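Residue numbers (numbering that gives the first Met the number 0), protein chains in the order written: chain A, 0 to 94; chain B, 0 to 150; chain C, 0 to 550.
Worth flagging that the hints you see were computed from the coordinates, not collected in a lab.
Treat the hints with caution; some may be incorrect.
Claimed, not checked - To be clear about the criterion: a stretch of chain B counts as covered by chain C if any three or more of its residues have a C-beta under 8 angstroms from a C-beta of chain C, and this derived list gives those stretches:
#, segment
1, 15-21
2, 64-74
3, 90-101
4, 119-126
5, 129-135
From a predicted model like this one, the values you see are computed outputs, not experimental measurements.
For each residue, glycine too, the CB sits at the ideal point set by N, CA and C.
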Amino acid sequence: MKAVTGNLLSDGSVVYLGDDDQWTSDIGAAARFEDDDALPVIAAAQLRVTEIADAYLIDVEPSGAPVGRAVIRETIRSAGPTVRTDLGLQAECCG
Amino acid sequence: MKLLKFSGNLLAPALEEPLSEVMLDDWRANRQAHAGATALAIPNDASLGDIVEDLSGFSTVILTFPTFKDGRAYSQARIIRERFFYTGEIRARGDVLRDQILFMTRCGFDAFEFESGDANDALGEFSFAYQASADRVEPVWRQRLSRAAAA
Amino acid sequence: MYRYDEFDATIVAERVSQFRGQVERRLAGELTEDQFKPLRLMNGLYLQLHAYMLRVAIPYGTLSSKQMRMLSAIARKYDKGYGHFTTRQNIQFNWPALVDVPDILDDLASVEMHAIQTSGNCIRNVTSDQYAGAAADEIEDPRIWCEVIRQWSTFHPEFSFLPRKFKIAVTASDTDRAAVKVHDIGLRLHKNDAGEAGFEVIVGGGLGRTPYVGHTIREFLPKKYLLSYLEAILRVYNLEGRRDNLYKARIKILVNSEGATTFADMVEAEWAAIKKNEIDLPAEEIDRIRDYFAPPAFDKLPETSAALEERRNSDKDFARWLRTNTHEHKTPGYAIVNISLKPIGGIPGDASDVQMAAVADIAEQYSHDEIRVTHEQNLVLPHVKRDDLYAVWKALDAQALATPNIGLVSDIIACPGLDYCSLANTRSIPIAQRISERFADLNEEEDIGELKIKISGCINACGHHHVGHIGILGVDKKGEEFYQITLGGSGAEDASLGEIVGRGLSSGDAVDAVEKLIGFYRQRRQSGERFLDTYRRLGAEPFKEALYEAA
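In isolation and in its complexed conformation, chain A is listed as follows (with noise of 0.2 angstroms):
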């Protein structure tokens, strides 16, 4: 499956377009598409330019979770960085 990710303009932090079509910094919340329903998706989010600075398709678990050849990128971007786990995400959940 698929899910949307970017980077807000703002502050370049890292967000999933969630169900409600708002940018989420958690990727457990960010909407599931199946492969051919990503595509409009993914156009659409490319087109709110003064929200974010970037925008693309990844490849994810039907649990949420990153999957495939960017898992290791991509599973870091959502958490924040290995080598400083009080950053990120990763600092902020779960705690």
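Start from chain A and add chains B and C according to the hints.
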């Protein structure tokens, strides 16, 4: 296509007078056939080594930016102005953007095929330049010398 | 050090205003990201994995205490309390918001700093010897010429959209601490037979996907022609460098496809046609710049310090730090102090806002207000009295800045890797941390001696793995991190490119492999041999065998 040209120190929209353009290769292949051409279009990968003789008959030279990231025409313009002493119009064509027009001007361009409005703000963003270029702006080091001499 | 006059200050201030306008136009949607990206890059602003990253120029690695304090303040106010010193003698902030960047640049401008041309396909921040002005073996301060180049290259109208980025390094010593042979242009100041100083011009070195050691295209260039000669090289490159393939666009590809001799001819022909007196600075302007680099007022001191010798004899930890982290100064009674940013298990090159402020204070009190950044991601206090070394050591140690490991196995260069970088394929920092922890025994480190381990998280080679005595390159295989080892590289005056040994290893196996290689070296070394020397004497094969013999 909008065309901007200098009027004094300001860029102003210019009336697009009809140009009779010829590509450099076509000109070199058959000068007779293009005897009436007024503008020479030089691709940005063309060698300029022997171009000086071609320039004199043209009132306009057109240099191209296929994308704004392809900066070869900056060097071409400086060579044509500073080494070949060309005094006609050098026109920028292609991906000509507001934030590159100052660099183009400094390299000797004085006409711009520019889509998006006014570019004069961009020209005024810097009061000084460190290096001499084709625009005859006095570089900072020379201004320092004059100032030291006056002091 | 150099101080801005009103021209420099105006140019930098106007640059900030220009960028503020560009940010506003981007936020308003008047610029697309494609159009904005090269503009923000030329102001050092990247978009990385988690956030924007701002790369601030530290021209030729020289900082005043006031400037270091400002970096500390920026880390605290706009970032997350730290910064990362890089192999290009710059500092990177990992978390600034785009909307804050113009304000950060204003703060930097207030202490004569900027982020101009720290990215983009333009002439980047010029790097130099971190011991410039203090080293006993230099023929003059190379930073004079770095500043000449900095001004010439700043907003150069012709060379701001080159085929690819362009890096220049300058040294004035026979011992090359600036890696001049692996830069787009390396300049080595030396004296000719007549005793005049001039530049050896080395072109086309570089790392990345296709590493090359540079070629000397001119043995001796009189100093006064430096800028016109650089302009000729850059013009040839701008016109002839490849633009069809990102990976073949650096000048090294042009130099090697044309051949160094032909390339030199092209440069000489262009140089002959350039109007030199429009470009080369007159002697008065060079002298004006030179005056800023006049040595500080050193005290007349005896060569040795009795206080120091007493402490050396009574405190073994201090004695060790003296051995590993200090270097001979050209002035009697003074020393150069290296500040390690490589604590055991730490992140290479990272410094907290508190550490930066502490270094600023120490430099102000003990080092004539000067700090240097090294391409090996450490800091330097260039001018410390030997009498003060004990106090400096104590002050550094209190901030965890006195790890005695300069040039040793745990003094590792590592790029930010996939923990931060959007181009990386694998992480680099965790490998550095694990190697460093494996060799935490400082006696063992000293016994192993000089060993340069360099780690890159992708083929772009920001961690300089090609020139590591042991290089480690991270490669991604179907979503798993593997690490490939190279041996025998050097970025110094004996520059060479490392040779790949064997297949990619898991991160754990890579750390084990480093240990095995070092073990083999210790068995086979002859007296006085560094790892690199033993490798060069024995060749790759025995090291490979040692690596792959049944574990």
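We went through each hint and held it up to the structure:
1. Here the segment 15-21 of chain B counts 0 residues with a CB under 8 angstroms from a CB of chain C, which misses the bar of 3, and the coverage is violated.
2. For the segment 64-74 of chain B, the stated coverage by chain C holds: 7 residues have a C-beta nearer than 8 angstroms to a C-beta of that chain, and at least 3 were required.
3. Counting residues of the segment 90-101 of chain B whose beta carbon lies closer than 8 angstroms to any beta carbon of chain C gives 4, which reaches the threshold of three, so the coverage claim holds.
4. Coverage of the segment 119-126 of chain B by chain C holds in this model, with 4 residues showing a Cβ closer than 8 angstroms to a Cβ of that chain against a need of three.
5. For the segment 129-135 of chain B, the stated coverage by chain C is satisfied: 4 residues place a CB nearer than 8 angstroms to a CB of that chain, which reaches the threshold of 3.
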